[in-house]
Amino acid sequence: MTLTQQPPAPATGEARGGATRLVDRVFRIREVAILLVFLVMIAITQAGNSQFLSEQGVKDLLLNATILVLVATGQALVVISRNVDLSVGSTLGISAFAAGDYLQGGGDSFLALLLAVALGIGCGLLNGALVSLGQVPALVVTLGTLYVIRGVDSIWVGSRQITASDLPGPFTDFGSGGLGALPYLALIALAVVVAVAYYLRHFGGGRELYALGSNPEAARLAGIPVRRRILAAYTACGALSGLAGALYLARFGNVDSATGNGYELTVVSAVVVGGVAFTGGAGSVYGAALGALLLTSVNSVLPALGVSSVWVLAINGVLLVLAIAVDRVVALRLAAALKKRNARHG
Amino acid sequence: MTRSEPDAVPVLALEGVSKSFGAVRALRDVSLRLYAGEAHALAGENGAGKSTLIKTLAGVHRPDTGTVLLDGRPVVLHGPADARDAGVAVIYQEPTLFPDLSVAENVFMGRQPRRSLGRVDHRAARTAAAALFARLGVDLDPQQPARGLSIADQQLVEIAKALSSDARVLIMDEPTAALTGSEVARLFGVVRTLREQGAAVLFISHRLEEIFRLCQRVTTLRDGALVASDLLGDPQGRRAPESGGSGASGGSGSTGGSGGSGGSDRPAGSGGAAGPADAADGAGAPGGRGLTEDDLVRRMVGRDLDELYPKQDTPIGEVALDVRQLTREGVFTDVSFTVRHGEIVGLAGLVGAGRSEVARAVFGVDRWDAGSVHVDGRPLTNGAPSIAMAAGLALVPEDRRAQGLVMGMSIERNVNLTALTGLGGTVRGGLMDRRAERSRALDWAVRLQVKYAALADAVGTLSGGNQQKVVLAKWLATTPKVLIVDEPTRGIDVGTKAEVHRLLSRLAADGVAVLMISSDLPEVLGMADRVLVMHEGRLTAEIPRAGATEESVMAAATGRGTTGRAA
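Residue numbers (full-length UniProt numbering), protein chains in the order written: chain G, 1 to 346; chain X, 1 to 567.
The shape of chain G in the complex, shown without the other chains (with noise of 0.2 Å):
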């Protein structure tokens, strides 16, 4: 007996492909956007200073980023299923001390690396169990886990300190190590970033994943296991910041019980930047990685053009109020475009 709906007209088929192909673009322009951003910067600093781009200058772009592409592939997982892990700063501290630990009384480098990763997936799991199990927002959840993962490296590292020299000789060659310009650490990040974005793309459990974040009722009624979607999700974000942790000690060669402070903010903005979506739901780890390649490269670009590194904050948090702003436009246009089609064929 009640009255539900309005029951308007079909639209026509031109109308729709014309909104489809209107949709698709802006949907697809993000990472082409970013890719632009970057290219044109790095073309503005190879202008002004012509030993930007020399082997080294390149391999040194590509390195600074890696272990940021990394965190951050793990951070899109969990935010494109509208969650966050704000604890993935302390995971890479305590997992790249524990390898450090493990390989300075003589450990074998790739069991370092394996124990990095295990041990990122025990904070990854112990994330997921308390966001999915305790339904609690999972920005309070993972700063709790935060201080207590750094917490615990604290009273575990003291005040001692991992420094290269401890480390074996080829460990920390291949941390620096390459193929010409390509670093092995990029071609790790870059194997992973294609891995996990073929997952998102072409396995049911990557589609999930971005159903979870575009309406978790929804994917609840469509019998989509939610609660072990998310565990997999904070897990695969912990064994990437544990990855991150041992490729962070290959390269730098120096972890103390700060390593790794701070972190989580950085990660979380090179996500956004990188388009993808804080409400969860849209945006792919290509983006990720663009973002994270995008905001390290700063790091680079202002010594090389003579600007003091002071600059780096600031320029990092306009392109982050910037990503969101282009979101926000883009978002509303959309909006606009989609109302005016419903308004012609209503």
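It should be emphasised that the hints constitute simulated quantities derived from the structure, not laboratory data.
Owing to the predicted nature of the structure, the values given are computational and were not obtained by experimental measurement.
C-beta atoms are modelled at their ideal positions from N, C-alpha and C, and glycine is treated no differently.
Check each hint, because a few of them may be wrong.
As the list claims (entries may be wrong) - Residues from chain G that face chain X, not an exhaustive set, calculated with beta carbons under 8 Å:
| # | residue |
| --- | --- |
| 1 | A211 |
| 2 | N215 |
| 3 | A218 |
Said to hold, decoys possible - Per the computed footprint, the stretches of chain G lying under chain X, defined by three or more beta-carbons under 8 Å from a beta-carbon of chain X, are:
| # | segment |
| --- | --- |
| 4 | 68 to 77 |
| 5 | 220 to 228 |
Here the structure of chain G is known, so what remains is to put chain X in place on it, guided by the hints.
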């Protein structure tokens, strides 16, 4: 297809199921049996427990007591996935889509077609979705994102979702509300085919005509309890219900004949997808011409309509609210109407017609682009709720949980929220006067007969009907001259509903101008002195009480000048 016999084993059944949410008993000892090859209608008023029942069958809610039986064996559905795996597909009343994903992904989410290595076969999903839309006769691009789809298109995606799973049990909660006549006809055609192939169907619709057109059996719920479960049919054979060719319907004596149910007279088993009766679609409620429908209505309501809608005749006074050519671009256009002191004006229309939006603009929550609003001859400022309130306007919003109440706050505090601006006088020297607050809350709680344990309890602990009374109290405490109520009785039990109606009637008698937005047609017809009807953002009709019937209102609400009966 085998016609179900009473002794056949139902595919899916509920036995003695009860379910409560806090203080609200949504289902009380309800049993329901769905047989293969039978379409079963579920009838009942808003808040009768239909949606809870469906969600129990769908594995969303687990019953407090009672069992769910699948093929006669008790099962525990741990979640929607269990129900889905058992072959139960559900079309929910509110579309539950993923706005960021494509239409094809929405259709297949959770059970996508796979190719090698377990990868999702996007192409197969697109093709299958396109095939489903072709079967439903709709033009939807599977690659289009779901964001921005019209409500009708969203509903069609929901239907495609349910059909795509080749379900043994198909549950449809008001699937036709947003659809056009030809879309309904297609849907019914597809459903009949599924039923003839042995699927069990559970169908909810507010259009009784559709129930008689599609279903063989009807179960009626009232206030969460089972009233009856009967076969539908006509012993005289004037119009046997669709039985997919078996024809062995044999109406039970208790339901009687369906009478001249509009233009749908035709032989049993005509099952075609687009018969003339189908094309007539369900604008109409049958208007009480058939005995059976009257029976059904009586079962759903359980009391005389007069008792439920006690609008007294009161002298109509001067114009209190005067809305002139109000326009908000893309939302509503050129809306003009007046409400007089002592008058209840119903604002009917389909959801999405722009009724709530007009109310929001009048009250100043949203801005308007053109036009004007006067209260007692004085113009209101665009987009200023505080000025509207000072002028004597009150708006009881549609969604009491999100817009009307602060659920975690006490009853007392909620009642006094409107007093914070100084209107009710419980603020002294910039501070809240706790004693005045308490006495005001107590006063209103008694006047509206709110059932509560303590005024300090959180509003969220009250039942829906009592929550609604608190919202009303909050606004009545401002002693409004004009009261706008948006869906005042949605989701509240019949008893409380009658109380709310009496209250509105009493307010009108005291000279308050009441604008009542409602999707509940009997409520509009029973309460309103005049009925305004909106269709797609425009006011399409103004019908005086004497001329207002379900048919005339529905015709205006669906944009048809006259009743849409084709036969």
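Structure-based check of all given hints:
| no. | hint | result |
| --- | --- | --- |
| 1 | A211 | 5 Å, holds |
| 2 | N215 | 5 Å, holds |
| 3 | A218 | 4 Å, holds |
| 4 | 68 to 77 | violated (count 0) |
| 5 | 220 to 228 | holds (count 6) |
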